[in-house]
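Q: Sequence:
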Amino acid sequence: MNILGEIIEPLLESALTDLGVKGDFWKRALGSSRERDQGDMSLPCFPFAKQLAMNPNDIAANLAQALFGKIDVEAAGGYLNFKADPHWLAQKVMAGIPSTGNKSVLIEHTSANPNGPFHVGRARNAILGDTMVRLHRLHGNQVRAEYYVDDMGKQVAVLAWALEHLSREDVDKILDGRGQVHPRWVGKHDHEIVRWYQAAQALRKEGDDAIEEEIGRLVHASENGDDSVLQRFEQAYQPVLDGMLETLERLGIEFDTFTKESKFVVDGSVSSLMETLEALEIHGTAENGAHFLDLGLRGLKGKTEFFYRRGDGSSLYATRDIAYHIWKWQQSDILINILGEDHKLQAKQVGMTLEELGHKVPDVMFYAFIKLPEGKMSTRRGNVVFMDDLLEEAQAHAAQVVKQLRPNYHSGKVASIAEAVGVSAVRFNIIKVNPDKGFTFKWEEALSFEGESAPFVMYSHTRACSIAAKIGRPVGEYEIGDIPDAMYQLMRVMACNNDRLGLAVNEHKPHLFANQMLDLATAYNSFYRDCHVLNDGEVNEFYYAVSQRAKHMLNQGMSALGLIPLESM
RNA sequence: GGGCGUAUAGUGUAGUUGGAUAUCACUUCGGCCUUCUAAGCCGAAAACCCGGGUUCGAAUCCUGGUACGCCCGCCA
Numbered sequence: 003m004n005i006l007g008e009i010i011e012p013l014l015e016s017a018l019t020d021l022g023v024k025g026d027f028w029k030r031a032l033g034s035s036r037e038r039d040q041g042d043m044s045l046p047c048f049p050f051a052k053q054l055a056m057n058p059n060d061i062a063a064n065l066a067q068a069l070f071g072k073i074d075v076e077a078a079g080g081y082l083n084f085k086a087d088p089h090w091l092a093q094k095v096m097a098g099i100p101s102t103g104n105k106s107v108l109i110e111h112t113s114a115n116p117n118g119p120f121h122v123g124r125a126r127n128a129i130l131g132d133t134m135v136r137l138h139r140l141h142g143n144q145v146r147a148e149y150y151v152d153d154m155g156k157q158v159a160v161l162a163w164a165l166e167h168l169s170r171e172d173v174d175k176i177l178d179g180r181g182q183v184h185p186r187w188v189g190k191h192d193h194e195i196v197r198w199y200q201a202a203q204a205l206r207k208e209g210d211d212a213i214e215e216e217i218g219r220l221v222h223a224s225e226n227g228d229d230s231v232l233q234r235f236e237q238a239y240q241p242v243l244d245g246m247l248e249t250l251e252r253l254g255i256e257f258d259t260f261t262k263e264s265k266f267v268v269d270g271s272v273s274s275l276m277e278t279l280e281a282l283e284i285h286g287t288a289e290n291g292a293h294f295l296d297l298g299l300r301g302l303k304g305k306t307e308f309f310y311r312r313g314d315g316s317s318l319y320a321t322r323d324i325a326y327h328i329w330k331w332q333q334s335d336i337l338i339n340i341l342g343e344d345h346k347l348q349a350k351q352v353g354m355t356l357e358e359l360g361h362k363v364p365d366v367m368f369y370a371f372i373k374l375p376e377g378k379m380s381t382r383r384g385n386v387v388f389m390d391d392l393l394e395e396a397q398a399h400a401a402q403v404v405k406q407l408r409p410n411y412h413s414g415k416v417a418s419i420a421e422a423v424g425v426s427a428v429r430f431n432i433i434k435v436n437p438d439k440g441f442t443f444k445w446e447e448a449l450s451f452e453g454e455s456a457p458f459v460m461y462s463h464t465r466a467c468s469i470a471a472k473i474g475r476p477v478g479e480y481e482i483g484d485i486p487d488a489m490y491q492l493m494r495v496m497a498c499n500n501d502r503l504g505l506a507v508n509e510h511k512p513h514l515f516a517n518q519m520l521d522l523a524t525a526y527n528s529f530y531r532d533c534h535v536l537n538d539g540e541v542n543e544f545y546y547a548v549s550q551r552a553k554h555m556l557n558q559g560m561s562a563l564g565l566i567p568l569e570s571m
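Numbering (the numbering used here), first residue to last: 3 to 571.
These are calculated hints, taken from the structure and not from any lab test. Note that this is a predicted model, so its numbers are computed, not measured. We treat Cβ as the ideally placed atom computed from N, Cα and C, and that holds for glycine. One thing to keep in mind: the hints can contain errors.
[To be verified] Distance condition first, Cα-Cα at most 35 Å in a straight line; then the derived DSBU-like pairs of lysine-lysine: (1) 262 to 378; (2) 156 to 305; (3) 346 to 207; (4) 439 to 330.
[Claimed, not checked] The following label-pair restraints were derived from C-beta to C-beta distances: (5) 303 to 405: 54 to 64 Å; (6) 240 to 329: 16 to 26 Å; (7) 363 to 534: 49 to 59 Å; (8) 363 to 277: 20 to 30 Å; (9) 477 to 182: 54 to 64 Å; (10) 357 to 468: 48 to 58 Å; (11) 98 to 303: 48 to 58 Å; (12) 300 to 382: 29 to 39 Å; (13) 15 to 543: 38 to 48 Å; (14) 468 to 207: 57 to 67 Å; (15) 207 to 99: 56 to 66 Å; (16) 282 to 240: 33 to 43 Å.
With the hints as extra help, turn the sequences into a complete structure.
A: Next comes the structure, spelled out in structure tokens:
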């Protein structure tokens with residue numbers, strides 16, 4: 003609880019100095035209390051024992067005495083426990099505790115190759131990235147959400163070649179029943195066009211040299227910035243990308259800017275970068291004329307040669323990525339990239355090279371993969387859950403639940419609630435877990451609407467909305483009155499809201515804020531149980547004010563996680 | 001083989017960077033709807049991968065194992 007810590011620290015500082023403690027190492031030890039009845043913040047006194055040659059119990063007692071009257075403090079078992087005064091806390095919370103962000107941030111996320119529909123695994127990136135965008139904005143930062151479009155290279159070349167050479171009949175014949183478009187997605191370009199890509203990959207596997215040569219020519223042309231080829235590529239991938247963005251839009255995910263990879267080839271920055279890299283002392287050349295940096299000389303372990311230029315003189319993906327980053331540093335103070343764990347080495351190489359060139363290293367948030375109970379997700383093997391299908395199922399399941407719980411709702415209302423619940427539940431399931439951890443996608447968990455889920459949080463919010471709707475007017479004059487325990491607990495959770503937000507933002511851990519929303523909803527539910535705003539038609543104005551404050555915080559917090567707050571559900 | 005990451009009740013997870021009685025949920029068991037929406041609330045049972053070490057104190061740090069994931073392309 004930072005607002006309390008700000009008061010405690012100076013008091014402790016002088017008390018500790020008086021006792022003879024040197025240094026401020028204790029500031030890190032001052033943390034939240036473990037148990038509720040211990041208070042809000044605690045300081046273990048064990049570290050002082052050696053310096054003062056006293057036992058921790060006595061130190062705590064001494065400090066408690068020195069601070070007596072200045073703050074609510076108690077010594078217990080070698081700990082110093084501080085408690086926020088309920089009235090003071092209520093005042094702070096009701097006045098609003100400001101957020102502290104004021105930086106400009108560029109968050110690059112998703113940046114998936116435009117060659118097919120999102121599956122749940124690939125969508126983890128988009129959901130985490132968009133959540134970071136929203137959290138930063140709530141925190142007060144200026145954010146630009148950016149999609150780096152891979153518009154050149156082999157994958158797009160294969161797609162373009164396929165679209166130019168294969169008819170629908172060819173594709174059907176090659177795939178021979180495999181990869182049928184689900185009737186639901188007929189006409190959605192990412193689902194349709196990916197079949198051309200798959201068909202081309204199948205053909206390539208058969209080893210036709212002519213095809214390989216032609217694709218090679220296209221790749222080469224694109225890497226040299228051939229404008230007509232890049233245009234053909236764009237014609238091929240743009241409809242696919244549009245289809246993919248449609249899926250993201252349903253999830254509430256939008257971008258401010260799209261930057262094409264080819265930009266850095268066309269504008270010459272890649273070739274000038276390669277010249278700069280050639281002059282570095284860690285530079286090396288392979289037998290066939292390919293260029294690399296020996297990052298082992300800078301401490302990289304494992305494979306130390308980082309190739310940035312092929313023998314034929316063309317650039318590689320990572321090379322362009324470095325040019326892209328140099329450009330990004332001109333756009334913003336802070337760079338954050340959302341990347342799958344498979345990009346760790348690549349990101350390390352890019353980061354070290356940027357450092358070698360005197361640039362800053364971007365922040366990277368890595369996430370582990372989502373797998374299915376049957377194993378790794380793979381479109382090719384058909385072991386895959388498409389995000390479009392998940393959203394559709396979530397919506398359908400939610401509609402079923404709403405119909406059962408609220409039989410009097412008309413179908414339009416059911417549909418709109420179900421859509422909001424479905425989308426929110428899908429997002430929340432991915433956000434609530436630590437990105438470091440891989441997880442196994444299970445339908446029953448993705449479609450669970452109780453416990454630690456989006457609907458749980460949404461439900462608390464609708465309770466608050468329901469009260470406000472019944473009262474039908476804004477909060478009037480009120481005085482902070484008695485504070486029952488349930489309200490006090492709610493105040494404590496609300497007081498820490500921005501602390502948790504700051505932590506989630508600065509440590510790139512959105513799950514911390516997802517948990518905060520669960521805590522807030524839980525605390526609100528207890529408040530709702532114990533503190534009735536309406537009693538026989540009479541409004542307790544203070545309680546109403548608290549309810550509205552919590553409602554607002556829930557609303558803001560949910561939106562920052564991409565959950566859709568509803569008035570009723 | 002080398003590098004990086006992960007390991008917490010039956011299941012899934014948190015753990016504020018070394019502090020008190022390890023969080024929350026699902027499942028199981030038992031309770032609460034004539035009171036602001038029961039998608040809720042209250043209660044019970046149940047866990048730190050294994051071995052050493054550092055420390056007043058270790059889920060957390062070091063070390064050696066084990067298991068799983070990712071990477072080790074002049075691919076993207």
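Q: Against this structure, judge whether each hint is valid.
A: Each hint tested on the structure:
no. : hint                   : result
1   : 262 to 378             : 30 Å, holds
2   : 156 to 305             : 24 Å, holds
3   : 346 to 207             : 29 Å, holds
4   : 439 to 330             : 29 Å, holds
5   : 303 to 405: 54 to 64 Å : 58 Å, holds
6   : 240 to 329: 16 to 26 Å : 22 Å, holds
7   : 363 to 534: 49 to 59 Å : 54 Å, holds
8   : 363 to 277: 20 to 30 Å : 22 Å, holds
9   : 477 to 182: 54 to 64 Å : 57 Å, holds
10  : 357 to 468: 48 to 58 Å : 55 Å, holds
11  : 98 to 303: 48 to 58 Å  : 49 Å, holds
12  : 300 to 382: 29 to 39 Å : 38 Å, holds
13  : 15 to 543: 38 to 48 Å  : 40 Å, holds
14  : 468 to 207: 57 to 67 Å : 59 Å, holds
15  : 207 to 99: 56 to 66 Å  : 60 Å, holds
16  : 282 to 240: 33 to 43 Å : 37 Å, holds
The structure shown violates none of the earlier numbered hints.
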